[in-house]
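**Q** As you go down the protein sequences, you meet chains A, B and C in turn.
At position 46 of the first sequence (counting the first as 1) the number is 46 in the working numbering, and the numbers step up by one without a gap.
Remember, the working numbering sits 1000 above the position in the second sequence when you count from 1.
Remember, the working numbering sits 2000 above the position in the third sequence when you count from 1.
No lab work stands behind these hints, which were simulated from the structure alone.
These figures come from a predicted structure and were not determined experimentally.
Idealized CB from N, CA, C, for every residue including glycine.
Accuracy of the hints is not assured; some may be wrong.
[What the hints assert, rightly or not] Looking from chain C toward chain A, a few residues come up when the C-beta cut is under 8 Å (computed):
no., residue
1, Gly2089
2, Met2121
3, Pro2289
4, Phe2293
5, Leu2331
[Said to hold, decoys possible] Chain A residues, not near chain C, derived (Cβ > 10 Å throughout):
no., residue
6, Thr181
7, Ala222
8, Val255
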Amino acid sequence: MSLRRFVLRRALAVIPVLFGVSVVTFGLFHLTPGDPVSQVVALNPDVSAAEEARLRERWGVSGPVWRRYLEWLSNVLVGDFGREIRTGRAVSGLVWRRLPETIALGLFGWVFAVAIAIPTGIYAAVNKGKLGDVASRVLALSGVSLPNFWLGLLLILVFSLYLGLFPVLPPSRLPLYHPETLRYLLLPGVTIGTAAAASLMRVMRTSMVEELNAEYVTAARARGLPERTVVFKHVLRNSLVSVVTLAATLTAGIVAGSVVVESVFNWPGLGSELVRAINRREVNVVMAITVVTAVAVVLANFLADVLYAVLDPRIRYD
Amino acid sequence: MSDDDGDAVEPVLRVEGLETHYDSTEGFLDRLLGRSRRVRAVDGVDFDLRAGETLGVVGESGCGKTTLARSVLGLVEPTAGSVYHRGEDLTALSSAELRDRRKDLQYVFQDPLSSLNPRLTAGGIVGEPLDVHGLAAGAERDERVRELLETVGLKPNHAARYPHEFSGGQRQRLGIARALAVDPEVIVCDEPVSALDASVQAQILNLLSDLQAEFGLAYVFIAHDLRVIEHVSDRVAVMYLGEFVERGPTETVFEPPYHPYTEALLSAIPEPDPLWEGDGIRLTGTVPSPVDPPSGCRFHTRCPRLVPSAEYDLSGETWRSLTDLKLRAREADGVTSLTAARTSREGDGSPVDGGALDPADAIDPAGPTGPTEASRETFDALVREEFGLPDPLSDPDAEAAVAEAIDALRDDRIGEAAELLDAAFVSPCERRHPTEYDVGADHGIACLRYDGEFDEEAGTFADGSEPAGSAE
Amino acid sequence: MTALLEVEDLTVRFHTDEGVVTAVDDLSYRVEAAETFGVVGESGAGKSVAARSVLGLIDRPGRIERGEVRFKGEDLLSMDESALRSVRGDEIGMVFQDARAALNPVYAVGEQIAETIEHHMGYDPAAAKTRAIRLLDRVGIADPEARYSEYPHEFSGGMCQRATIAMALSCEPDLIVADEPTTALDVTVEARILELLDELADEFDVAVQLITHDLGVIAGTCDRAMVMYAGEAVETAPIEDLYYDPKHPYTAGLMSAIPRIGDGRDRLRTIPGTTPDPVDPPSGCRFHPRCPFAEEACTRTHPSLVDPETGEAATLDDDRAAACLEYTEGLSGGLDYSVEVEEPRDERAGGDPADE
Ligand code: SF4
Ligand code: SF4
């Protein structure tokens, strides 16, 4: 099967997944007892039945569930997530404002993780059993076990408060593309990427060690290829296959981690917005963020699948 | 030994029309679009296994031997057909009843290590079937385990060891002891010695034959090594692409008349004798996919004795080459796959050593523009070289048809060329699925060459008349 | 006159958790230019380790402890890595048992052949590709242009082996080390691969060191052969002598253990017991616990390789050598076996050594 056909098939397979995501999200918020209107009603005993009905109409919580779902879905498909209950502003505006912030943070975390994990993993595997390998494995182990809110606080303490190298809080409205932004991204980015870096490094090392023992490596050496070629051309690509598989799973972790990390660093992304919205019972906002992150995770998995197929021709084949 | 008297004993196992197909369809999208891929691993197999005898089943990898072995014992569920044991059809039994039958029917695996639970001691492994079937307990059980270990040539004190502490041969002995524990009637041995060294292999084969004599066991013995099969079997079945193509008493199968496949397998055995000259029959390619097996005789894509059509006056060899050209044209997606890869500067196969491999004078196989740009003669020669076709063919009609097809190829009309060849050259072997023909006592060969209508002299079927094989 | 490859006193040890395994012990042999030299033995005999040592491919926990591997008179073991690398793949090619595993699954087969050519012969990519395609064609792969860019999983086992043979030949080596090249293949494919190797060895004038456990494979292809047992050479002989007049009880036993078609034997002759514990091999002659002719002396004295006629220590140049006390001190019972040549299946001559 050609790569193109493979990608196409995978892309098609994403559709039912996204559909499932929408059902689950909608179900979570609309089948649980206590829709937003009944909460409002509970808070204001004076609301009349007629007013309640009008409210229900307005918030789209009247009628049979399936019709409400279809309505909601068709709105979401055109990017309409409804309105904030308190302010009446469109939720989509809020999401589009916050999303880039979170993406920037997540990407930074990713780049940091990959930049640390891949070289260290290669180094550790090639020098298996030596001091450098042992040291990097100890570090990786601590990286995996550190809770990220704690790591975040630690970093703030050391680098911002004691050393004064980085500002603690981002300035209120610095555009993302501003070069200064990088400085503010550094600490939260490192915080969010550390755990991923550690797991990636461990997988990189393990799969590399395994691949180094494969017969094709002996065969490549028997062909007189320089060690550099053997490691960086032949072994690396094979080892990356298992790394990519893990990377997809880690994306979900990074997304989840952003909630905590954004709150710790007061980063104006979707994560901190989510916390705020939950506190204020802004159902539409919470739903919008849930949908957006779920889509992001699904897309990340799709990308990983494609990358996987690019790296390993056996995947495309069947 | 529970041997009955006389000759007409009911076989311990009778297999009728056994078929095991499975679905290898990938992904739900394919399923949705109805693109199913049925793997016909075992496709209509019959045999009887008599008490105390060994039936050897031999064939290349991919011919369905292992699936057959597993289907017979219900380890995989057959799609159709029956396996009778003591008059009852195993395929109709419930899984509990089937489990009970395992007391009589046992299995020995090729790879003893992966089939032995690594966390059980040898004693535990051999004792497990005793527990499962409630055959012995307590001191009696321990005694029986010791006895079984001794029977297969292990020491009683080996009972406390774990599988990884044994050598390959010893592990296989352990696997045999486990099978023996329930005192079975039939043991299906799936390549039991192919992972073992020659000297150890001989020990295990001798052990199996001793056990057979002692306990009156019947074996279905699956192997790819004809030497082993010949040594252990009373009767032999040769399997190809899910079907038996020849079966009979061992001596008769290993002597002419042969099925062409059996003959080729025999010819390929490396003989431990430096002065031995084989008859050099070589099969090309590997067993085709069981998803969509070849029409007619399934062996026709590789058969060295393919029957030429009586329409032309062509040698068997030329016919084989023509058929190869035809088969390859059907699959080809470019003409380069149908032409010899080098321009024959020095006539035929100039060695690729030294200079000939030097890129300085290396002429790109087809020239920079592809073989279709070559002159008509060159192109024609390239095609004939690739398939070893004489120029011209001895039969003028055949020559005309081939020339037309080659012209079509040169114009890059591959599909058309394939159709031309398909229409012009059809072997009876492609049209008729051979049934099993009796060639001697209890000896059957499924090959059209043994059909009554086949003309030995001419090497073809008399004009027009079609062999009476079953159509497929 | 030095031979193409001379291995002398090679000793390879593996330092494992269970103890030190001497996989190859004091092994000496030679391979002449353009000849096919067989190395036969069962698992644990050390034949694969010996083969890999020739190319310096022994990895931890293994170590080449002693000995020389002289290729064209130069000791490969004392060369530095980069000098050794220029011999590997260029002057000595290697063919593996599991050809599919020996090919990198994520690169096209042809690319891997071209890679070797570019590296050693300095061809530009286009020329290397042309050469690789011709090689694929030469080893009998139909439609080599298309196959060039296919991946190993799209090749059958036999085709993978053909491709690795093309790879081994790609830089016109003088020696190919083939480690059980047909063990994983069906008989029908095996026969074709052996014929191909034979043909190419002739055509390219290349010597082959063929490692196998199958005496049948050796018989059809080799000029001379060496039998190994528990890390040592126990017999070396020109091929016909080895089969018709084996000098070592192990060789004779191995031959009689093979079932042969039409021999009508009910029972196979076996060599009792199993290959010895590599950590703690038997004293004296390592074969003595399994040897039907073993005597008291065999448990004490380690037999060295000698010329069986004269009893003098064998040198690299000797064609015939065996390591059994019979040829030095003499055994009181002698070696009482004989070789019968039968003609079982259609008039075929066959050697069937039988120890009566
Ligand atoms: S039927 Fe035809 S193709 Fe099949 S085995 Fe016989 S001769 Fe060969
Ligand atoms: S030395 Fe003794 S034990 Fe060894 S092979 Fe000769 S007779 Fe047998």
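**Q** Against this structure, judge whether each hint is valid.
**A** Evaluated hints:
Contact between C:Gly2089 and chain A, as hinted, is supported at the beta carbon level, the nearest pair being about 3 Å apart and thus within 8 Å. Interface hint at C:Met2121: violated, since its Cβ lies 11 Å from the closest Cβ of chain A, which is beyond the 8 Å cut-off. Interface hint at C:Pro2289: violated, since its Cβ lies 33 Å from the closest Cβ of chain A, which is beyond the 8 Å cut-off. Interface hint at C:Phe2293: violated, since its Cβ lies 40 Å from the closest Cβ of chain A, which is beyond the 8 Å cut-off.
For C:Leu2331, the suggested interface contact is broken, since its CB lies about 43 Å from the closest CB of chain A, more than 8 Å. With a least beta-carbon separation of about 38 Å from chain C, A:Thr181 lies farther than 10 Å from that chain, consistent with its non-interface assignment. Here A:Ala222 does not stay apart from chain C, with its beta-carbon only about 4 Å from theirs, under the 10 Å limit. With a cut of 10 Å on Cβ distances, A:Val255 stays outside the contact zone with chain C, its closest approach being about 30 Å.
When the structure is compared with the earlier hints, violations turn up for hints 2, 3, 4, 5 and 7 and for no others.
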